[in-house]
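All chains should be built: construct the whole structure from the sequences, respecting the hints.
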Amino acid sequence: MKFYGEGIPGVDLAELSGRLLVIEGADGSGRSTQIDLLKDYLENTGHAVTNVGLVRSTLVSKELNEAKLGNVLSEVTRSLFYATDFADQLENIIIPSLRAGFIVLADRYIYTLMAREIVRGAVREWVRSLYSIALVPHLVIYLKVSPGQLVERNLRKNATLEYWESGRDLGISRDIFDSFVHYQRLIQREFSLMQDEYGFHLVNGNRSIRAVSRDICAKVEESLGV
Amino acid sequence: MIDRKQKSRSEELVGKLIAVEGLDGSGKSTQVYLLKRWFEMRGLKVFFSEWNSSVIVKKATSKGKKRQLLTPTTFSLIHCTDFADRYERQMLPLLKAGYLVLCDRYIYTAFARDAVRGCSRQWLRNLYGFARRPDLTFFFNTPLEVSLNRILSGRPQLKYFEAGMDLGLSADPYESFRLFQEKIYQEYLAMAEEFEFVTMNGTLQIEEQQALVREIVADRLDLPRYRWKTQI
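Protein chains in written order, with my numbering: chain A, 1467 to 1692; chain B, -15 to 216.
Keep in mind that the hints are not guaranteed to be accurate.
[What the hints assert, rightly or not] Cut-off 30 Å, straight-line C-alpha distance, at most; resulting in silico cross-link-like pairs (DSSO-like, lysine-lysine):
hint, chain 1, residue 1, chain 2, residue 2
1, A, K1623, A, K1685
2, A, K1528, B, K47
3, A, K1528, B, K50
4, A, K1534, B, K50
What the hints contain is simulated information worked out from the structure, not anything from laboratory work.
Just so we're clear, the structure is a prediction, and the values are computed from it rather than from any experiment.
Put into structure tokens, the structure is as follows:
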């Protein structure tokens, strides 16, 4: 394995014998469902799996969730808070799991974090350098679902559109619905820009759970040889 | 969209930023306190900010430290988060409002400490790329032994990260602290030129040093500009 850039000091990459799989996609793209199915598939074939996701670190997840409720964090501060959460999980969960030969299934990774920051006006190079500590995954699956479908799925599940996933802080529109659709387009555009460079494997998420899952498992099998 | 790094870095601001750097026990906090008092008595708009003091980030930082959860990278990131919070919410708006902003430790503290902990110097410089360079940075160059004695003579309870215990330099906190401070000192010396530190002789009397600091500040900045315009 390798790091995108400077990486984490003191890590012997040769020791990392596990695999890192990332599933990216918006809320409502079917990410969690697909991760559950993929985990079943992998465990069924005898692999040990570790799940990770954003804002789950021991170090700052509680504080970050609290801060998200009020408008207390400024832009750079929020970026760094997320980066700290990511780094904590990278060092304390992802790297040790990889060292132990596990398959790490990441529910989102640095790409969502980077896209969110860039859409909010952060300098691309700054964000890239910030996340140059990250490991390059073996496979990144990007579940792409049209904003229209995303709305439908989110409303079906929660009957409401989440504040941050709607980019309400950007002041795009006073209308939540418009804000959500516009914001998701902005995020998707960022993902398109990153796609080639970071080698995302695009999966059309507008289809049935089973169809999507079949594609994902096939891709995982092909690229990891599992 | 606003290019926040570029804009905040290069734009000429009405206010001015003065930072003091140096080892623990170098006397920098005393000097910056006296400078602040001088500004206040002269009726200047002044704001003082201390390293590691953001209320929002504090809980996470102290938890990380107490439970020894921090690695060099997360140590660096959480301090940068703390700095960013103070920078975005206070320092930058105050600089725009024409304040003299005094900082007891600035980004160079992170450059020195985190590099000693093994973080890449280039990554650190990029990480803090959003922060303006100070208009004036005083480096209190006090010989290592003097600083160490000031801190260690009371046999204080050294905290784990403060003593640099995470570096595994020594099992003895005092010895670890010594070795850690020495490495930081070397980092400061190596940065002095690159970042145009005004190096102060930390062995002089407090009064002598303060007189020099005030003289340099008065020479570099047009102080009367920073008076309060409104009377209370």
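Hints versus structure:
1. A:K1623 to A:K1685: Distance of about 28 Å is within 30 Å: holds.
2. A:K1528 to B:K47: holds, 11 Å
3. A:K1528 to B:K50: Answer holds: K1528 of chain A to K50 of chain B is near 16 Å, not above 30 Å.
4. A:K1534 to B:K50: Holds. K1534 of chain A to K50 of chain B sits at ~24 Å (cutoff 30 Å).
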